[in-house]
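Chemist: Residue-level listing of the chains:
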Amino acid sequence: MVSKHEILSLMERYDKDALAITTVCSHSSLQIFDGARKEGFRTIGICIGTPPKFYDAFPKAKPDEFLIVKDYKEILSKTRELATKNAIIIPHGSFVEYLGVGNFQKLKLPTYGNRNVLEWESDRDMSRKWLEAAGIKMPRQIKNPEDIRSPMMVKYYGAKGGMGFFVVKNYSDFQKRINRTEKYTIQEFVLGTRYYMHYFYSPIKHDGYSLSKGSLELLGIDRRVESNADEIFRIGSPTELSEAGIYPTFVVTGNLPLMVRESLLPRIFEMGEMVVEKSLELFGGMIGPFCLETVVTDSLELKVFEISARIVAGTNLFISGSPYSDLVDEKLSMGRRIAREIKMANETGMLSDIIS
Amino acid sequence: MVSKHEILSLMERYDKDALAITTVCSHSSLQIFDGARKEGFRTIGICIGTPPKFYDAFPKAKPDEFLIVKDYKEILSKTRELATKNAIIIPHGSFVEYLGVGNFQKLKLPTYGNRNVLEWESDRDMSRKWLEAAGIKMPRQIKNPEDIRSPMMVKYYGAKGGMGFFVVKNYSDFQKRINRTEKYTIQEFVLGTRYYMHYFYSPIKHDGYSLSKGSLELLGIDRRVESNADEIFRIGSPTELSEAGIYPTFVVTGNLPLMVRESLLPRIFEMGEMVVEKSLELFGGMIGPFCLETVVTDSLELKVFEISARIVAGTNLFISGSPYSDLVDEKLSMGRRIAREIKMANETGMLSDIIS
Amino acid sequence: MVSKHEILSLMERYDKDALAITTVCSHSSLQIFDGARKEGFRTIGICIGTPPKFYDAFPKAKPDEFLIVKDYKEILSKTRELATKNAIIIPHGSFVEYLGVGNFQKLKLPTYGNRNVLEWESDRDMSRKWLEAAGIKMPRQIKNPEDIRSPMMVKYYGAKGGMGFFVVKNYSDFQKRINRTEKYTIQEFVLGTRYYMHYFYSPIKHDGYSLSKGSLELLGIDRRVESNADEIFRIGSPTELSEAGIYPTFVVTGNLPLMVRESLLPRIFEMGEMVVEKSLELFGGMIGPFCLETVVTDSLELKVFEISARIVAGTNLFISGSPYSDLVDEKLSMGRRIAREIKMANETGMLSDIIS
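Protein chains in written order, with the numbering used here: chain A, 5 to 360; chain B, 5 to 360; chain C, 5 to 360.
Everything labelled a hint here was simulated from the structure, so no lab data went into it. Glycine included, C-beta positions come from ideal geometry on N, C-alpha and C. There could be a bad hint or two in this list.
What the hints assert, rightly or not - Pairwise CB distance ranges, derived in the manner of DEER restraints:
hint: 1; chain 1: B; residue 1: Phe287; chain 2: A; residue 2: Arg153; range: 32 to 42 Å
hint: 2; chain 1: A; residue 1: Ile208; chain 2: B; residue 2: Glu274; range: 47 to 57 Å
hint: 3; chain 1: B; residue 1: Tyr161; chain 2: A; residue 2: Ile208; range: 47 to 57 Å
Unchecked claim - Here are some chain A residues the structure puts well away from chain B; computed CB gaps all over 12 Å:
hint: 4; residue: Asp21
hint: 5; residue: Met156
hint: 6; residue: Ile182
hint: 7; residue: Leu262
hint: 8; residue: Gly276
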C-alpha cells in the first residue's frame, strides 16, 4: 500500500487553490461532480474509451474534464498526469471494484478517506469482527451448511451489488444451489424491513453530534431495489417458483427514498458512533461517508447485515437534499458534503486528516 | 378533562410575543421544531432523563430548550413551569400514547387542536361511527369470528403502530392466533394499495378549499413501511410460512413517499371534507392535521381503515415540502403548517379557535 | 386528421403574447398548470359540469379559467372559442383517452407534440414494430396461447392504466381467464424491477445530449403502484389465491419515486435516442415528453414493455424537481419543461416545429 507519507509529500507539490475532485464516471459520479462544482472545485471524470455522452444531458454534473483510459488498470499509470492536475480521488463502490482493492491501495494519488478501511471492509470475516467488537447486532452466522434449519442468506465472498446472493431454507436447498468452488458465508435471513443509513463522519468538524474526535451526521436513508426479489412475488411464492427452477435474485438496480421511525434515531446514531469509535481504535478511523445496511425487525431491533465504508449509490436520491440533510443545511447531497469537507480541510490546513 | 375555559384563562397570562412550541422529543418532533423555528417561534422539547444527543446532528431542528422529566407522567406536574414559558403543546401519536389519553385530556396547558377528538378517535367503535356517519366507506367488520370466510385483519383495541395486528383466513386460523383476554375487532382485509393522506384543516383560514367553516388542505401522501409484512414474501407465502409458525406482522418502521392518481383527488378532498364536517357536528371539529389511512382498490374505490386525528409520522418525509404542499407554498412541512396556523391565530386574536 | 397546414393557419391569427396553456383537468394537470404559470402563461382547464373544487386547495396550480363542457366530446365544438383564447392544447393520457384517439386527431386546435405518434403508439402491434425497429429489446410475444409454458402477461388491446391485464402460467390458466370477444396480446412476464423513465425530446434545443435533430433529456424515474398486485402477497401467493378465485390486478393507483443504477444511464439514453431517431424516420418525430416502461432484469438488461408518447402521471412526483432534473435546472417539472419549450419556440419563431 502507498504510504501516507508518500501521499503527503506528493500533495506538497499540489496547487491548493486548484484542487480537482476526481472520480470514475459511474455509481455516484453525478452528485460528486455536482457537489464539487457547487463548492467551487474543478472536476475530472475518469472514463473508458470515450466520454460518456449522458453527462451532456446533466449540465450541472458534467465534469470539467475527462481523463480517458483504455481500462481501469490504466489509471495506475496516469497518476503523474492526474497529480499535475491536483487531483483528489473520491472513491466509490464501482471505482474500488473496477480497479481492485489491491490496486486501489497502491494508487499514488491523494485519496479522500482512509484506505486502511478497505482490508477491514472487503473481507466478510474482518468486517464482522469490527462491527461486533463495536457492539453492533448482526444476523447470526453459521459455519456448517448442515445446520441450516431456517431461512438463510448465502453470499459469495467477492459478491458485489447483490449478485451471487441467494436464500436457502435447509441443507438440501443449499446443496442444490451452492457452487462449492467459491468461498461463501451463511447468514440468518433476518425478517423485517431494510433501511440503508447514509452517515457522514468528519474527524475535523467539532460541532454537532460529537464523537471522541470530530462529529457524525445522518444525511439520508434509502432502500435498495433488488432484481428480481422485489417483484418476483407477482408470479409465485419462493417454493412454487423453485419447483420451476426460478429463484429470487438480489441484484441492486436502483434505490427508493425512505424515512425511519423517529424513535429509532437515538439508536441509529449510537450505532454509527460505535462503529466509528471502534474504527478509530482499530485502524485510525473510517473517514467520510459510510452506510450501515440494516433490517428493522418487528420488535424494532436493528440488525446490520453489511457495512459500506464510502459513498453508496442510495445517496443519489438526495442530490438536492433529503428530509434528514435538510435539517443540517440546504441542498446538501453526500457528494456536496464530501466536497465541503475537502474545502474546509484545505482552508484550515487539515487535508492530512482526511486524505490517505 | 380540563375545560376550555380553564385553558383560555391560563392563556390570558401568556406573553403572546413569546409563545413556545412544545412537544415530546419523538415521532415527528424534528419537523415540528424545524417548522416552528422557521415561523419564528421558540421551541421546547420534552424528554426523559437526558436531552437526546441526536438533535445535535440536526441544527435546524434542535429545540431551544429541553424540559427533562423522569417519565412522561411527570409532565402533568410540570405544567406550571411550562405555562410560565408560554408553552403551546403540539400533540403527536407518541405524545398521546406515552402520556395516556386520560392524562393527555387533563393536561393543563394550551394544546393545539381539539382534545374532544380523542374519545372519538381512540375507540375503534366510535371512530367507525363517526366515519360511517360522514359517509366514508370502511372495510366490512364482523362480530363473530366463526363468520371468517375470507382474509380478515384482527386488531387489538389498544394496538398502536401496527403492533398486535394479524391476518386470518378462517375461524381455525383465528383460534390459533387470538389472545382472548384482549378486546379486538375483525375487519375485512381490503385488497389494494395503501395511501395515507395528510390533510390539514384550518377553522380560521377562509380562502382555498372552503368548508362550512374554514378550509381544507392536502399536504402529502405516504405509505407506511411495515415490518415484517413488507418483505416477508422474500422467503415464503403466508401459507408456506404459517406451517413453520412464521406470521406477517405489521409494525410501522418508517414511511415512503407516494403520489396518487390525480383523478382520485376530487374524491379524496370530498372524504376529508365529510369527515371534518361531521366532526364539527359531533364534537366541535377536528382541528389541524389528520390522516385518512386508505386502501385504493383495483376498481379505484377508496376504503378508509383508520383515522389519525393529529400529525402522523409519514409527514416526516416532507420536511422541505411534498409534491402536494409545493402547490400551496414553498417548503411547507406539516410541522411548519401547524406553526404558521398558531402564528396566524395569534396575530388575529383567534387562538381560542384552535386551542383546547 | 386535421392537417398541420390548417393548424398553422389557425395559429397565424393567435395573439402570440397571450398564449393559453390548456388541458383537461385530470392526470397531470396540476403540474401542467403550475409549470405554465411559472413560465408566464395563462392557463385554461377543461372540465365536465362544474370546476373541480380541489384546485382551490392548490393555489399555484389552479388554472386561470375553466372551460366547462357537458362531456369530453363537446370539446370538439368548443374549438373556436378556445382558439379565440389562443389555446395551446397539452395532451395527456386521460385527455386522449376521454376524447378518443380519432377525435383527438381531429381536434382543430394547436396541440403540443406530433399527433402522428398516436397511430403508432395506440396500436400494440405498431408500437412493437417501431420499438423493435429502433433496436429496443421487448418482452417476447407469442401468438398461440397453447404455447404458454411460463408466466405471461395478457393485455387486452384497449386496456388503459393497467385495467384488463392479467398473468397466466399455462394454457389452462389462460382458458380460465380470457374473454375471447376482446383482442389481446400475450407477452412474456419479464422478471425484474420496473422503472418508468421520463424522457423529454426537444427538436429545437441543440445543446445538451444532442440527436440528429435537437436534444434529449431525462427528467425523472418512477415506479407505478399497481392495485392489487403490489400488496396481494400479504394474504397469499398467486397459486394459493387463484384457488380462491382471487387474482392479481394491475390498475395504476399512483406512483413512487426511484433512481436507477448510474451505470445504466448510458444504455437508458441510447434507448431514448434510438426510439426518437426511429420516430423521426417513421412519422416525423415524437416530440416532447415520453416514457419507456422498462423492467431491469438481474443481469442488468433493460426490456421495454410499453411506450407512452406524452407526459405520464409518474412525473407528478417531481413538481419541484427530481434528482435527475435538478442536474438540468432548478425546480424543473415535466409540466414546466413543456411550458418552457413552448415559450422558447414562440420566442424564436419555431412553434411550427413542436405543434401539430
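Chemist: State for each hint whether it applies.
Modeler: Do the hints match the structure? See the list:
Phe287/B and Arg153/A have their C-beta atoms about 54 Å apart, which leaves the hinted 32 to 42 Å range violated. A hinted range of 47 to 57 Å for the beta carbons of Ile208/A and Glu274/B is consistent with their spacing of about 55 Å. One distance hint, 47 to 57 Å for the beta-carbon pair Tyr161/B and Ile208/A, holds here, with the actual separation near 53 Å. Here Asp21/A stays apart from chain B, with its beta-carbon at least about 30 Å from theirs, past the 12 Å limit.
With a least beta-carbon separation of about 10 Å from chain B, Met156/A fails to lie farther than 12 Å from that chain, contradicting its non-interface assignment. Listed as a non-interface residue, Ile182/A keeps its Cβ farther than 12 Å from every Cβ of chain B; the least gap is roughly 18 Å. Listed as a non-interface residue, Leu262/A fails to keep its Cβ farther than 12 Å from every Cβ of chain B; the least gap is roughly 5 Å. The Cβ of Gly276/A does not lie farther than 12 Å from every Cβ of chain B; its closest approach is about 9 Å, which violates its non-interface assignment.
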